[in-house]
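There are 4 protein chains.
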Amino acid sequence: MPPEAPAFVPADPLYATRVRESFARQGAMATVGARLSAVAPGYCAIELVPTPAVSQQHGYVHAGVIAMIVDSAGGYAGYSLFPATASVLSVEFKLNLLAPAQGERIVAEGFVVKSGRTLTIARGEVHAESAGRRTLVALMQQTLIAMHGKPDAPAA
Amino acid sequence: MPPEAPAFVPADPLYATRVRESFARQGAMATVGARLSAVAPGYCAIELVPTPAVSQQHGYVHAGVIAMIVDSAGGYAGYSLFPATASVLSVEFKLNLLAPAQGERIVAEGFVVKSGRTLTIARGEVHAESAGRRTLVALMQQTLIAMHGKPDAPAA
Amino acid sequence: MPPEAPAFVPADPLYATRVRESFARQGAMATVGARLSAVAPGYCAIELVPTPAVSQQHGYVHAGVIAMIVDSAGGYAGYSLFPATASVLSVEFKLNLLAPAQGERIVAEGFVVKSGRTLTIARGEVHAESAGRRTLVALMQQTLIAMHGKPDAPAA
Amino acid sequence: MPPEAPAFVPADPLYATRVRESFARQGAMATVGARLSAVAPGYCAIELVPTPAVSQQHGYVHAGVIAMIVDSAGGYAGYSLFPATASVLSVEFKLNLLAPAQGERIVAEGFVVKSGRTLTIARGEVHAESAGRRTLVALMQQTLIAMHGKPDAPAA
Numbered sequence: 000m001p002p003e004a005p006a007f008v009p010a011d012p013l014y015a016t017r018v019r020e021s022f023a024r025q026g027a028m029a030t031v032g033a034r035l036s037a038v039a040p041g042y043c044a045i046e047l048v049p050t051p052a053v054s055q056q057h058g059y060v061h062a063g064v065i066a067m068i069v070d071s072a073g074g075y076a077g078y079s080l081f082p083a084t085a086s087v088l089s090v091e092f093k094l095n096l097l098a099p100a101q102g103e104r105i106v107a108e109g110f111v112v113k114s115g116r117t118l119t120i121a122r123g124e125v126h127a128e129s130a131g132r133r134t135l136v137a138l139m140q141q142t143l144i145a146m147h148g149k150p151d152a153p154a155a
Numbered sequence: 000m001p002p003e004a005p006a007f008v009p010a011d012p013l014y015a016t017r018v019r020e021s022f023a024r025q026g027a028m029a030t031v032g033a034r035l036s037a038v039a040p041g042y043c044a045i046e047l048v049p050t051p052a053v054s055q056q057h058g059y060v061h062a063g064v065i066a067m068i069v070d071s072a073g074g075y076a077g078y079s080l081f082p083a084t085a086s087v088l089s090v091e092f093k094l095n096l097l098a099p100a101q102g103e104r105i106v107a108e109g110f111v112v113k114s115g116r117t118l119t120i121a122r123g124e125v126h127a128e129s130a131g132r133r134t135l136v137a138l139m140q141q142t143l144i145a146m147h148g149k150p151d152a153p154a155a
Numbered sequence: 000m001p002p003e004a005p006a007f008v009p010a011d012p013l014y015a016t017r018v019r020e021s022f023a024r025q026g027a028m029a030t031v032g033a034r035l036s037a038v039a040p041g042y043c044a045i046e047l048v049p050t051p052a053v054s055q056q057h058g059y060v061h062a063g064v065i066a067m068i069v070d071s072a073g074g075y076a077g078y079s080l081f082p083a084t085a086s087v088l089s090v091e092f093k094l095n096l097l098a099p100a101q102g103e104r105i106v107a108e109g110f111v112v113k114s115g116r117t118l119t120i121a122r123g124e125v126h127a128e129s130a131g132r133r134t135l136v137a138l139m140q141q142t143l144i145a146m147h148g149k150p151d152a153p154a155a
Numbered sequence: 000m001p002p003e004a005p006a007f008v009p010a011d012p013l014y015a016t017r018v019r020e021s022f023a024r025q026g027a028m029a030t031v032g033a034r035l036s037a038v039a040p041g042y043c044a045i046e047l048v049p050t051p052a053v054s055q056q057h058g059y060v061h062a063g064v065i066a067m068i069v070d071s072a073g074g075y076a077g078y079s080l081f082p083a084t085a086s087v088l089s090v091e092f093k094l095n096l097l098a099p100a101q102g103e104r105i106v107a108e109g110f111v112v113k114s115g116r117t118l119t120i121a122r123g124e125v126h127a128e129s130a131g132r133r134t135l136v137a138l139m140q141q142t143l144i145a146m147h148g149k150p151d152a153p154a155a
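Sequences listed follow chains A, C, F and Y, in order.
Per numbering that gives the first Met the number 0, residue 0 is the first one in the first sequence, and the count goes up by one each step.
Per numbering that gives the first Met the number 0, residue 0 is the first one in the second sequence, and the count goes up by one each step.
Per numbering that gives the first Met the number 0, residue 0 is the first one in the third sequence, and the count goes up by one each step.
Per numbering that gives the first Met the number 0, residue 0 is the first one in the fourth sequence, and the count goes up by one each step.
The shape of chain A in the complex, shown without the other chains (with noise of 0.2 angstroms):
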């Protein structure tokens, strides 16, 4: 995270819980071979391993697929800021895509800006990791939404 990062406090301590559940719930990160690697207050990585199943025609990964990790990451790196009654919604996106998704694994990470009681403004970043480099791939600016009273998981 950027030295600069601002110490974010978690409204509910359990947020960590709480984040790895709703990941689990969402069938197309498992779809797509993406796991969880890290939460934070106000943070949130997701990674995956580049493959057939999820390139486009060059071979690279698909800038949807990168889309979907960041999406998510930044979704989730808001969302362990949310008191436990929330849940959380993208509302829009923007994404740069910088340079061809490949390697040996695709990090995608989500970093709050700004934590509001209604919007929270996240931004995200997507490295390539190779032969122990990292190359920027993907920059993500992104509007989130914050459900009170909604659950996160569909009704029973």
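Simulated pairs of lysine-lysine, DSSO-like, Cα-Cα distance not exceeding 27 angstroms: (1) F:113 <-> F:149; (2) F:113 <-> A:149; (3) C:113 <-> C:149; (4) F:113 <-> A:113; (5) A:113 <-> F:149; (6) A:149 <-> A:113; (7) Y:149 <-> Y:113; (8) F:113 <-> C:113; (9) C:113 <-> Y:113; (10) C:149 <-> Y:149; (11) C:149 <-> Y:113.
Pair by pair, the computed Cβ-Cβ distance ranges are: (12) C:13 <-> A:150: 47 to 55 angstroms; (13) F:98 <-> C:29: 33 to 41 angstroms; (14) F:116 <-> A:84: 14 to 22 angstroms.
Quick look at which bits of chain A chain Y covers, simulated, 3 or more residues with Cβ under 8 angstroms: (15) 89–97; (16) 111–120.
No lab work stands behind these hints, which were simulated from the structure alone.
Small disclaimer: the values here were computed from a predicted structure and weren't measured.
Where is the CB? At the ideal position from N, CA and C, for every residue including glycine.
Add chains C, F and Y to chain A, keeping to what the hints say.
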């Protein structure tokens, strides 16, 4: 397509074949169950049926999966106008999520707004269809780049 | 307006007066020589005449000035549908610049795509007009927030 | 600048002069009272003092004026790395507004994230300064294009 849509003339008469072959090489599209449903000069539609395999935590289609299909729809709308010797990459896109993506079918459409030699600007719409009703679930704005002299397929 | 535009019903029948009074309080609009040329439910147009006072380094209208008028056009398109007791703020917007902004007149139009209680999504188009021809010079996508119970005017 | 900022080497040793001369040709900057306060390779800062002449309806600095100065700051951050024979245009930018822009001084900073031959990606931050405190008021992500062989100044 909107009545105001410009009438684009493709540089390559075999554009539809090129788009379909490129789409078939996108492993990520098969992984999320997406299929190419229409191609025209400056236009492309990609659709999928919602399943738990593409869901987020509330059971709706994941915003990132919406991003995947509308990014590809916009990309192929642009690519349909390229000469046969060029391939396409997304420079960036911005996606607003307007309503939960659920229903019988999710349809992403890409429309070229301006086609240039280097950069192409496209916009996208994603609708959810259910019981004969269409609901706009997402809106996209996108920048594409033409890679002249770079084949669309990975080197054999 | 596009034929497909939804027919919006304003919450406040005096919406046009509210929009015009709010516009008149935007000192920045007078500074760049912009004027409000049309208001309708979910729609607003703002225009200016290119002069060296709003130019960038090549002599075209500055991208930021384009952003100013289309941000306000989208904002007032949204605000036209708000109740009289709410004011509007831009949460974010994304602007693509398609062609140099030059000519006799620059017209920015904002269109509401979806109006919600808290968030409104608008899109914008900016055209340059010259010798009876219209050229699309910019495309915008925007998120607005309604501030309920917060008056539009600064406290007296 | 963030400690992680890459160390850029400008292609033209006279980059700062080129940036200052180009800025001086942007009539729009003088109109809103903006001044160039810093230039370094891959970095630029532009600031202004809030006045009613740049306000929106609540009396804060207009979001579009914020867009103007941060678009130029990002643009000149990119331009600082270009060869002397190229000029710069904004392809697109996305701006999140985080807090009302008010105070003694508004400072927009642009940082190059990736500099390529054709496209450059920059990000921007805008802070409001008041009584020695800095508040982040806006966050930007931007795509720039280098126009090789096109002079920065208008034809004489």
